[in-house]
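Since chain V is already given, all that's left is putting chain X on it; use the hints.
Each chain, letter by letter, is given below.
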Amino acid sequence: MSKVFIIVQANEEARPIIEALVKDNLHAVVQESPAMVRIEAEGRLTLNRNTVEELTGQPFDIQQLHVNLISISGHIDEEDDYLTVAWNN
Amino acid sequence: MSVEIKAVEIKPLRNTFTNVAELIGGDKPASRYQEATLGTQAQTNMHYRPTWEPEFELFDPRRSAIQMREWYDLRDPRQLYYSSWTIQRAKEQETQEANFDFVESRCLHLSLSPEVKKLAIDVLLPLRHAAWGANMNNNELCSRAYSEVLISPAIMQAMDNLGIAQYLTRLGLMLEEPEILDTAKAQWMNGAAWQPLRHLTEDSFVIRDFMEIFLVQNFVVDGLLYPLIYDRFVDDSLTSRGGSAVAMLTSFMPLWFTQSSKWVDGVLKVAAAESDENKALLSQWTSHWRDRTITALTPIATMAFGDQQEIMLNEVIEQFNARARKLGIDV
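Sequences listed follow chains V and X, in order.
At position 53 of the first sequence (counting the first as 1) the number is 53 in the numbering used here, and the numbers step up by one without a gap.
At position 73 of the second sequence (counting the first as 1) the number is 73 in the numbering used here, and the numbers step up by one without a gap.
The shape of chain X in the complex, shown without the other chains:
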């Protein structure tokens, strides 16, 4: 007797959900990112208006002056959704954990010269409050934004900012006694060099327009702060003076910045290309907040680079302007 094995092909009746199919141009197999994100936010039948803002619906695109025909066009090129994001961050957390172990087991943090150690602490530790500010802004973005493609990466970005603040805390605890955190907070609250940045951060908390929050925090402030502090200060300036242990302890930050820039660039590029009005508004916001951020970063750059301050800042500004122009934003 012979057994005949036959393959029967069963075609699925539908490849994906209607809300996804509408946004990807018809019924075809959709990626997990698309199914987790596209068309998932409620758009109709939101019976009650929020008591705190009765002029708007619960989800309302009018919370931004930016106008889009289709808000779901503002997609995240990284295509992160909850599980891909947690998997990626878990891997990075393992690497970062190994770096902390490496530095600690070989006592590299004890081999830093007193000047390098003091400089690293003075410049980096108060930044954990700035990272917390970034967390606040992305939470606000998450609660005010329209369309799941913006809301879901916003909360991931907020949690990433919190993680960065925690890495900075651990760096402080490794280099010094716990009291150093109080000293750093006192610097953030009262130190003359930090007041312009604190002022900027606190002003950004009261921005109401969600696209402006997105642009100010994730594009302008991060876009100037991260290259200045992590690329130039930690990876160049400190490392050349024997501070590579610090670079190991902050290795997540430049890596994360490169990744999150992809998201920010992807969103802004599409928003700017949508209409001339959008482009003009984004350009106006960028110029305004860029100038304020430069003013806020100048005293910190002076502390970090001494008389090299102007060269370093100009390099970073040049780089930022080039990035903005590439996205179609006039600066």
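This is chain V alone, in the form it adopts within the complex:
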């Protein structure tokens, strides 16, 4: 299977996103680089709105991901409650 990834800037706003990704995708690998963080996983990666909201105690809109997003790879399935990247083939 091939890998999918999400890369975000390393900042205060992105930290709960990274934590939520790690929490919900146990197979994900985190690589920290200067000023950015790459979260990579076999097959699929899901970001759940609920998980981020639990971590921050604030309402979260899945689209807030895009503010700090650097790069993403995989087929994207975006709904109000989650965003999944996976390879469909």
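Some hints here could point you the wrong way.
[To be verified] Restricting the straight-line Cα-Cα distance to at most 25 Å, the calculated cross-link-like pairs of lysine to any residue (SDA-like) are:
no.	chain 1	residue 1	chain 2	residue 2
1	X	Lys28	X	Asn45
2	X	Lys262	V	Asn48
3	V	Lys3	V	Gly57
4	X	Lys279	X	Asp265
5	X	Lys326	V	Gly57
6	X	Lys28	V	Ser33
Quick caveat, the hints were computed from the structure, so don't treat them as lab data.
This structure is a prediction, so every number in the text was calculated from the model and none was measured.
Leaving out everything else, chain X in the frame of chain V:
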């Protein structure tokens, strides 16, 4: 000639402060809330005891009968610290300001029927004194509580209560002449319907135990008053009789109540789960003060709902009991 750009990774030697690391399970990146709050209150070397209470240290967990192994467990799920709190409130203030402008520019406050207007003023305006009482109690909580996780949201809560009192004042000034504020104060001081609530508020000023102050004001009194007045009276009863302008002018209050309930629930849940003694004490306080608050709210509910009073109050009590049980408090 080619220029080679190379990224050099510099690992920080430490991710956060020792006082924060001790409370979040090791040295890892901490959020601003954690760094602004955890472990920031002085715990040792408080040389002098307060002259007004020499039996205690300046900061002393013995000021409450509730016992915690770690007071910093009572965290605020909203994770508010000074800057996130001011940013959030500034946004809400803008919305509320726009609501006031909307009502005023379209003269919606003039379109209220005389009965609805009188009812809104009779029920809502004296509550600004109750909101001031809530401000006093949260200031007291701030000065007596132990651990920054309780102290800092307490002062934010106190300022929020003051803001609510000011919105009620502005509502009065928009609907009527300024003298209406004196009339409302006279009602609070002497009106028969308001005396039980005033009595309750003034009794709550002399509670010494800071966890009891927290529970009485923020859980019991607010937990019964806000759903009764803002959800049922303003948003249901007044709105269905053409009073939606009033609902616009008070839209901050139910919104704020939902947010502050998260904090209150978060603290009480952890405190009740800590030990059976805590749970028993919280349950005892809740039952006692709930019954007093219900007595205090009954005449106000009669004024607001007439013969529907009992149904409305029972709904609110039911809702409150369910909330308490969810937090592990027996009522």
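Hints, verified against the model:
1. Pair hint Lys28 (chain X) plus Asn45 (chain X) does not hold up; C-alpha atoms about 28 Å apart against a cutoff of 25 Å.
2. About 21 Å separates the Cα atoms of Lys262 (chain X) and Asn48 (chain V), which keeps this hinted pair within 25 Å; it holds.
3. At roughly 31 Å between alpha-carbon atoms, Lys3 (chain V) and Gly57 (chain V) are farther apart than 25 Å, so this suggested pair is violated.
4. Restraint check: the Cα-Cα separation between Lys279 (chain X) and Asp265 (chain X) comes to about 14 Å, which is no more than 25 Å; the hinted pair holds.
5. For the hint pairing Lys326 (chain X) with Gly57 (chain V), the CA-to-CA distance comes to about 19 Å; that is within 25 Å, so the pair holds.
6. Annotation: proposed proximity of Lys28 (chain X) to Ser33 (chain V) holds, straight-line Cα distance about 16 Å (limit 25 Å).
Going down the numbered hints, you'll see the structure goes against 1 and 3, while the others check out.
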